[in-house]
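Required output: the full structure, derived from the provided sequences and hints.
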Amino acid sequence: MAVTFIKVTEEEQIEKIAEIAAPIWHETYDCINGVASTDYMIEKFQSVPAIHRQMESEGYVYYMMLDDGVPAGFIGLVPHKEGKMFLSKLYVSAAHRSRGLPRAAFDFIETLCQAEKLPAIYLTVNKKNFHAIEVYKYFGFHQTDAVVTDIGSGFVMNDYIMQKDL
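All residue numbers for the sequence shown refer to full-length UniProt numbering, where the first residue is 1 and numbers rise by one.
Think of the hints as simulated: they come from the structure by calculation, not from any bench.
Cross-link-like lysine-lysine pairs, in silico, PhoX-like; alpha carbons within 20 Å at most:
1. Lys44 to Lys16
2. Lys117 to Lys84
3. Lys81 to Lys117
4. Lys81 to Lys7
5. Lys127 to Lys137
6. Lys137 to Lys84
Predicted model, so just to flag it, every value in this text is computed and none were measured.
Rendered as structure tokens:
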């Protein structure tokens, strides 16, 4: 298994991330928030226009994760947010799970943090996404806070904030 990370700069890469995101989000969030909420979140956060907006005006940097050259997932980061690295998105396609991609992703993110001299990585995770919470704990994250964010159209994100100090 060879995992590589490609910085997203091309339209085709953005389209591929949006394509990968939809089934992952439905698989993850339909049972937590319902299909309507998941559809809304995909359009708001992982559609092609949303990714463009994030990259152009919100400071996001996206990386496509390749598993033996095949697009397998993606990372969305905001460097220097609150003096730390904000890990907004880390998603792996079902066909590529259990192949060490999360470890490779966290190693990659930590290398980016070292290069940028950032002391910590933080993220938000849905309080009911028990598997992801356990994965983050396994990789050294701890809960620092909880937050409920109104995302519009009657939907909210009910999250924990987790952080890993480097």
